[in-house]
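Protein chains in written order, with this note's numbering: chain A, 1 to 395; chain B, 1 to 244.
Keep in mind that a hint or two might mislead.
To be verified - Between beta-carbon pairs, the in silico distance windows are:
(1) B:67 to A:328: 54 to 60 Å
(2) B:132 to A:15: 44 to 50 Å
(3) A:15 to B:71: 22 to 28 Å
(4) B:67 to A:321: 46 to 52 Å
(5) B:180 to A:15: 33 to 39 Å
(6) A:8 to B:221: 52 to 58 Å
(7) B:8 to A:32: 24 to 30 Å
(8) B:132 to A:335: 54 to 60 Å
(9) A:321 to B:70: 39 to 45 Å
(10) A:362 to B:67: 46 to 52 Å
(11) B:67 to A:304: 47 to 53 Å
(12) A:257 to B:132: 20 to 26 Å
(13) A:32 to B:150: 21 to 27 Å
Bear in mind the hints are in silico, worked out from the structure with no lab data behind them. Ideal Cβ positions, reconstructed from N, Cα and C, are used throughout, including at glycine.
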Amino acid sequence: MTGLRAVRQAAIVCRKELRDSLRDRRALWSILFSVIIGPVLIGFMMNRIIDRQREAENVVIPIVGMNRAPALVDWLRQQAGVTVEEGPADAERAVKERREAVVVVIPENFAERFADSKPATVRVVADGSRNDTRAQGERVRRLLAVYAAEIGSLRLIVRGVSPAAVRPLAIEDVEVSTAQQRAAQILTFIPMFIMVAGFVGGMQIATDSTAGERERGSLEPLLVNPAPRASFVTGKWLAASVAAIGSAILTTALCAQLTKLLPLEDMGVSLRLGPDYFGYVLLAAIPLCLFTAALQATVATMSRSFKEAQSYMGVLMLGPMLPGLVASLYPMGSTLWLNGIPMLGSFLLLSDTLSGRPPGAAEFLTSAAVSFALTVGLLRVTTRLFRSEHIIFGR
Amino acid sequence: MIRIEDVRKHFGSVAAVDGVSFTAENGAITGLLGPNGAGKTTTLRMLYAVMAPDSGQIHVDDIDAVASPQTAQARLGVLPDGFGLYPRLTAREHLEYFGALHDMGGAHLARRIDELLDLLDMRGIADRRTAGFSHGERTKVALARALVHDPQNVLLDEPTNGLDVMSTRAVRAIVGRLRDEGRCVLFSSHVMQEVSALCDSIVVMSRGKVAAVGSPDDLRRQTGHDNLEDAFVKLADRRRRPSA
């Protein structure tokens with residue numbers, strides 16, 4: 001009976017905190033910002049990458065001295081996506097000043113050396129320090145290498161030698177990363193943004209309903225109500241969790257929507273954010289949100305003022321961000337013991353799910369069990385803090 | 001009815017409440033009078049069970065408030081020092097929240113809220129958020145919130161502090177009405193006139209101890225001062241310098 005009553009009172013507290021925070025315009029805007037910023041940034045970055053990829057495929061090659069190598073120019077013209085144009089007089093300056101991405105220069109003695117079957121120089125002028133033109137330079141070099149190999153083969157055949165004789169190695173590239181994994185590399189930020197959105201979503205209620213409630217002087221009248229302290233703590237934590245989960249879901253949905261708009265398939269890349277994968281995302285995100293909300297509530301209850309609580313939140317924010325940053329330096333996947341590390345475990349579940357290989361039940365269970373255990377522990381600590389006169393009345 | 005016996009509370013080496021005993025009867029207004037720092041608020045906080053006494057007994061309607069604080073709290077209506085309202089909630093929502101925490105709901109709670117809105121003349125502000133409320137309006141909300149569950153015992157910590165004349169009169173009228181309904185009203189104040197005008201019984205506190213207990217007339221007699229304010233000063237002073 002009393003247990004049921006305690007649960008009902010926690011629900012009453014939770015409902016009030018949610019209603020109260022929904023009316024806090026400034027807090028809502030900050031949550032909305034944190035929810036939107038991730039997908040917007042990713043969309044922007046992906047669009048740039050896709051544009052560049054396309055630029056490399058549809059390459060315009062300025063050539064200086066076209067008339068010195070008409071056969072080469074004709075061959076280039078016949079390649080898919082290649083346009084040839086007259087190059088600028090001073091090729092190096094044009095590239096240095098970023099007027100051209102890459103310029104091919106055919107020297108005057110090209111035809112002569114070519115006719116003599118001596119290596120004929122073709123100069124590729126490019127700026128290796130520029131990330132945005134690297135793909136185009138690579139494309140041009142590959143095209144020239146293909147042409148050189150074709151001509152070489154023809155010359156051998158003319159001399160009665162099989163081209164195979166000068167190809168002791170047949171190099172075959174076997175790419176083991178799947179398209180989804182490559183997508184995940186670019187999109188490793190999505191799990192981090194989901195986690196940060198969950199963190200920021202719960203932060204407002206977690207601090208306002210604990211440190212804020214005390215600072216307003218409304219904690220004392222609240223605690224005069226005949227309810228166990230655990231009910232107050234649970235209600236406040238629950239409200240923060242609901243907001244956290246809501247934000248995380250919203251960010252996930254926005255990312256899913258975004259990836260539909262982006263021409264990811266053109267890059268040979270696909271991101272798993274369909275309805276079937278949404279469930280896995282929730283399985284990873286919900287225990288995480290429950291845990292971060294409990295952590296926030298505990299820290300905010302311990303801090304001396306609302307302001308102090310807010311500055312602690314800034315430090316805690318590293319929690320959901322670090323795994324993403326570490327993983328971008330040291331790529332790692334789900335293993336049982338890594339999944340047992342709070343935050344990092346959830347991050348791995350999310351990133352593996354989004355790259356198209358959701359981990360098994362054991363990994364999900366390990367991560368969830370750790371998060372739940374920590375949550376229960378933190379709620380106990382907060383309940384004890386709510387019983388302390390030092391905490392209730394400030395120091 | 002509220003009964004406290006030999007209650008003590010220390011903060012570090014300071015004895016904030018040092019062996020306080022008194023009884024507040026039903027159908028009477030008991031005033032807890034004393035200068036700032038006399039231990040009034042600490043005594044009340046132990047009474048409404050947000051602080052635990054170091055030693056001593058507290059009974060609310062014969063319920064041991066130290067052993068079963070929640071059962072005692074259910075029978076208490078409390079207006080703490082500093083009202084602590086939620087600026088984004090309306091006056092009505094404050095009453096709904098606390099009513100719900102007292103296991104009230106539905107038509108019963110709605111009716112009770114209507115009653116209180118009428119009693120405290122709060123109809124005009126009932127559905128406005130409390131953010132812009134005047135001091136008097138905030139007092140009314142806090143008072144209504146304390147009374148929402150129709151408690152037998154009402155504790156008011158300096159309820160008229162900082163109120164204008166009209167609001168003070170309104171609060172006094174409510175307090176009188178609560179007494180007439182047979183409730184036990186305990187209220188603290190450092191304002192002499194208020195206590196003498198309102199209270200049936202006065203507990204004078206000074207430095208964590210009870211300096212005197214009695215009706216306003218008793219106190220005048222005890223101290224030999226016709227003026228209650230002089231009586232009060234003398235009582236507080238006697239505590240401060242026991243040798244004098």
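Here is how each hint holds up against the structure:
Judged by the Cβ atoms, the range 54 to 60 Å given for residue 67 of chain B and residue 328 of chain A holds: they are separated by roughly 58 Å. Distance hint for residue 132 of chain B and residue 15 of chain A: a CB-CB separation of about 24 Å, inconsistent with the stated range 44 to 50 Å. Distance hint for residue 15 of chain A and residue 71 of chain B: a CB-CB separation of about 25 Å, consistent with the stated range 22 to 28 Å. Range check, residue 67 of chain B to residue 321 of chain A: about 48 Å between beta-carbon atoms, so the 46 to 52 Å window is met.
At roughly 36 Å, the beta carbons of residue 180 of chain B and residue 15 of chain A sit within the given window of 33 to 39 Å. A hinted range of 52 to 58 Å holds for the C-beta pair residue 8 of chain A and residue 221 of chain B, which are about 53 Å apart. For residue 8 of chain B and residue 32 of chain A, the hinted distance range of 24 to 30 Å is not satisfied, since their beta carbons lie about 52 Å from each other. Evaluation of the 54 to 60 Å hint for residue 132 of chain B and residue 335 of chain A yields a pass: the beta carbon distance comes to about 57 Å.
The supplied range of 39 to 45 Å is met by residue 321 of chain A and residue 70 of chain B, whose beta-carbon atoms lie about 42 Å from each other. Checking the proposed 46 to 52 Å range against residue 362 of chain A and residue 67 of chain B shows it holds: the Cβ atoms sit about 48 Å from each other. Range check, residue 67 of chain B to residue 304 of chain A: about 32 Å between beta-carbon atoms, so the 47 to 53 Å window is missed. A beta carbon spacing of about 40 Å between residue 257 of chain A and residue 132 of chain B contradicts the range 20 to 26 Å that was offered as a hint.
For residue 32 of chain A and residue 150 of chain B, the Cβ-Cβ distance of about 42 Å falls outside the hinted range of 21 to 27 Å, so the restraint is violated.
Checked against the numbered hints above, the structure breaks hints 2, 7, 11, 12 and 13 and satisfies the rest.
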